[in-house]
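Given the coordinates of chain A, assemble chain B onto it according to the supplied hints.
Protein chains in written order, with the numbering used here: chain A, 28 to 345; chain B, 1125 to 1590.
Just so you know, these hints were derived from the structure itself, not from any lab. Where hints are given, some of them may not hold.
Claimed, not checked - Okay, the calculated beta carbon distance ranges per label pair: (1) B:F1519 to A:I186: 46 to 54 Å; (2) A:L86 to B:L1573: 29 to 37 Å; (3) B:M1546 to A:S335: 57 to 65 Å; (4) A:M228 to B:I1560: 54 to 62 Å.
Said to hold, decoys possible - Derived coverage of chain B by chain A (criterion: at least 3 residues anywhere in the stretch with Cβ under 8 Å from a Cβ of chain A; other residues may be distant): (5) 1305-1311; (6) 1561-1573.
As the list claims (entries may be wrong) - To give an idea of the chain B side of the interface with chain A (calculated C-beta under 8 Å), a few residues: (7) F1130; (8) L1314; (9) S1317; (10) F1533; (11) L1537; (12) I1576; (13) S1578; (14) K1579; (15) D1580.
Quick caveat, the model's predicted, so the values are computed rather than measured. Built from N, CA and C at the ideal position, the CB exists for glycine as well.
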Amino acid sequence: MHKENSSISNFRKYVIKILVPVLLIVGMISAAFCFLFEKKIILANENCGAYKINRIINLNDPTEIPIIGSSRAEASFIPEILGPNYFNYGLEGTQENVMLFFIKEECKKKNKRSSVIIANIDLDGINTKTGDIANYLYNSNDPEVKKLLGADYKLQYSIPFVKYVGQFENYLRYYLNNRMQLTKYSKDGAFIDKTVLPQKMIDDLIKYRREHQDVFLHEDKLKKEFFKTINENKGRYFVFVVPPYHSCYFTNYKNPEDAKAFVNELRALANVRVFDFSSVIYPDSLFINTTHLNYNGAVRFTKEFKDSLTTVKITNFK
Amino acid sequence: MLFNSFGFLYFFIVVTALYFFIPHKIRWMLLLAASCFFYMFFKPEYILILAFTIVIDYYAGILIEKQIEKRKKKKYLIMSLIANIGVLAIFKYYNFINGNITGLCNLFRIHNSIPYLSIVLPIGLSFHTFQAMSYTIEVYRGKQKAETHFGIYSLYVMFYPQLVAGPIERPQNILPQLHKENKFSFENALLGSNLIIIGLFKKMVIADRLAVYVNQVYHNLDTSTTLSAWMAAIFFSLQIYCDFSGYSDIARGTAKFMGYDLMLNFDRPYLARSITEFWTRWHISLSSWFKDYLYISLGGNRVSKLKWCRNILIVFLISGLWHGASITFIIWGALHGIYVLIESLFPKMTAPSPVIKLVGQLKVFVLVTIAWVFFRAASIDEAMHMLKLMFSTDFSLNMTQLAAGKGPFNLALTFLAIVFLMLTYFLPRDMQFKNIKSNVVFLTITLFLLFILSKDAQGEFIYFQF
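The following block holds chain A by itself, in its conformation from the complex:
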């Protein structure tokens, strides 16, 4: 009995003298830190993935024309060249499951003055890739975000502040890049490398690409959902764009006919327009690797795309 009491008093002592003070102080400091971090770093930084996810969910700008897609969207479209109402929602490391999430969120907005949604297409098919978890943590309690993360959603993501453990560096890195603009161009969601690679490095990348085979492959369920979503939103006009690849990308490309069939399938939809720049050959100096343009490449591409866009009736403002 005595031993049991001493155990309980020891436990009580540990809780009162150590656990509670430490957790309380750490909790308070962390809460204040996170509050400031969210306001001053995450939400003050347009190129940050978490900002983009929050923006698509919570910001309803009737005049905004969203550009949605993967890192190829993020690094190819310069909104300020296209006009004042464009915002680049491209997210590095993501694929069509995330694009679909953005499209659905965008289509929920009913007071839009432009029906256009611009999205990039990657020629590796309709696939699932959610990318960096840091993009989703600020909105981790949003039911659609939870659904998107699926099995990747962990218990700690629902705990305020704790969810950011291990992620602060990611946000800070974006923030510093945005502030300093030393090696990256960062504006209106576009996040583009300014580096012009030495020819030797480009040659190595080309060699690597030629040695590896690229395949166009679909996840059937996701593809069905993709087409269903486009069909269900007939009031919106989808402009799908294939930004340029380095020509070597197609040297060892397994099934170009499947990619072409997919693009044609999209073209057949009434509310879709496709601009395919994949056959346009850009010089080596405009690429940061064989699938992404650098800033100079993005400037050239965006201007060319802007010219093409004049054929689309996008200014259907009410």
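Chain B alone, transformed into the frame defined by chain A:
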């Protein structure tokens, strides 16, 4: 289940809470079940390998004790050692030996038709095998009574805090503790918390940060310079220390929370002034295992100088081989053996000045760092490439190369991590603070830094592969 994951946090809270709630009589069942669950999280079927060696060693221990004749005792000991080393040989060394046979056959243009095995190395195999062997050897030597409780013996091998990466315990230290009833103690909980937090800090803030630079340089040796190669080599010396000692701290802290004392595995090794001293401070549980069961069995230092040299080389070569079935690990071990032999040629200073002490520490750090190159490299070619870079004269100060292509921000954070590592050397040796206030301050600051500076990598501990 990794110590540096939220999964382990939940597991630890549940197991520790249950441990103090249930009666002492059935606590071994809880710990054994928890240990099985912990182990099976990695690769469930490999629990059968553990079960096999546990059953063999349990009965071997009893049979060794029962025998009066030394010859018969030895017979059972050898049987147990064959079973343990056999498991190690199959799962860890079979393909390595077969590869060498193939190489040899190729020299004589003979075809080697012995097939390779497609197997994954069971996690922590070398650790629990060595712990199991220390039990039967101690029973044979008469220094430990055979454990008759099968559950307790199983727990001795499988105790989850030290199951996958040590410390490699001795039966004299652990078995009596597993029988003893533990009550929740304030001191144990406090020390346990300190050890767990500092261990996580070493792993998640320091080791994982240093790993970014190290991995980047080793993966891109062609674009690295002399400076970046030296930085990567030095960073790896610090990374492996923080990674492994961090693991040991968490293991000791987790056990301490429940009232179990695991042995100290690292004692500020980079303060050592000689390689011999380094090995009394680095991975103490393994180096003392080799000393107790191999070096002394070979005759230790009570033999001629030549035989002593042989003993030292054998111990270090086997220590290298223990770490991995690769020539790089063998060279790493051999280098340390050679260091010790060369060191023995010079007389020890009785009262060295602080400058001499510092020079000794720097010498040890540089020598150990060079040896780590073989430990870290994936192949001899890679190690030689790295060493060639380190001893070349490409001192270009290109920022991209200097930052290993990971940017100046990552480099700044890496140096910050090293500053933190230096600060950990000022913490009390046994993590026991003078008063509760300073302990609370330590926990608060470390926990907050862990919160904001830890890497998301959730990287495995380096020593898990052994």
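How the hints compare with the structure:
For F1519 of chain B paired with I186 of chain A, a C-beta distance near 48 Å keeps the hint of 46 to 54 Å intact. Hint check: L86 of chain A to L1573 of chain B, Cβ distance near 34 Å, so the stated range 29 to 37 Å holds. Between M1546 of chain B and S335 of chain A, the C-beta spacing of about 58 Å keeps the proposed range 57 to 65 Å intact. Between M228 of chain A and I1560 of chain B the beta carbons are some 57 Å apart, a value that agrees with the proposed interval 54 to 62 Å.
With 4 residues bearing a CB less than 8 Å from a CB of chain A, the region 1305-1311 of chain B meets the requirement of three and the coverage assertion stands. Residue count for the region 1561-1573 of chain B with a Cβ under 8 Å from a Cβ of chain A: 6. That meets the three needed, and the coverage hint holds. A distance limit of 8 Å between C-beta atoms decides the matter here; for F1130 of chain B the minimum to chain A is near 5 Å, and the interface restraint holds. Given hint, L1314 of chain B at the interface with chain A, holds; its Cβ is 6 Å from that chain's nearest Cβ, closer than 8 Å.
Hint status for S1317 of chain B relative to chain A: holds, with the closest Cβ pair at about 7 Å, below 8 Å. Satisfaction of the interface hint for F1533 of chain B is found here, the shortest Cβ-Cβ separation to chain A being roughly 6 Å, below the 8 Å cut-off. Of the supplied interface hints, the one on L1537 of chain B holds, with its beta-carbon coming within about 7 Å of a beta-carbon of chain A, less than 8 Å. Residue-level restraint check for I1576 of chain B holds (minimum Cβ-Cβ distance to chain A is 5 Å; threshold 8 Å).
Look at S1578 of chain B: its Cβ gets to within about 5 Å of chain A, closer than 8 Å, so that hint holds up. For K1579 of chain B, the interface hint holds, since its Cβ comes within 8 Å of a Cβ in chain A; the closest pair sits about 6 Å apart. The beta carbon of D1580 of chain B comes within 3 Å of a beta carbon in chain A, closer than 8 Å, and the hint placing it at the interface holds.
Taken one by one, the earlier hints all hold for this structure without exception.
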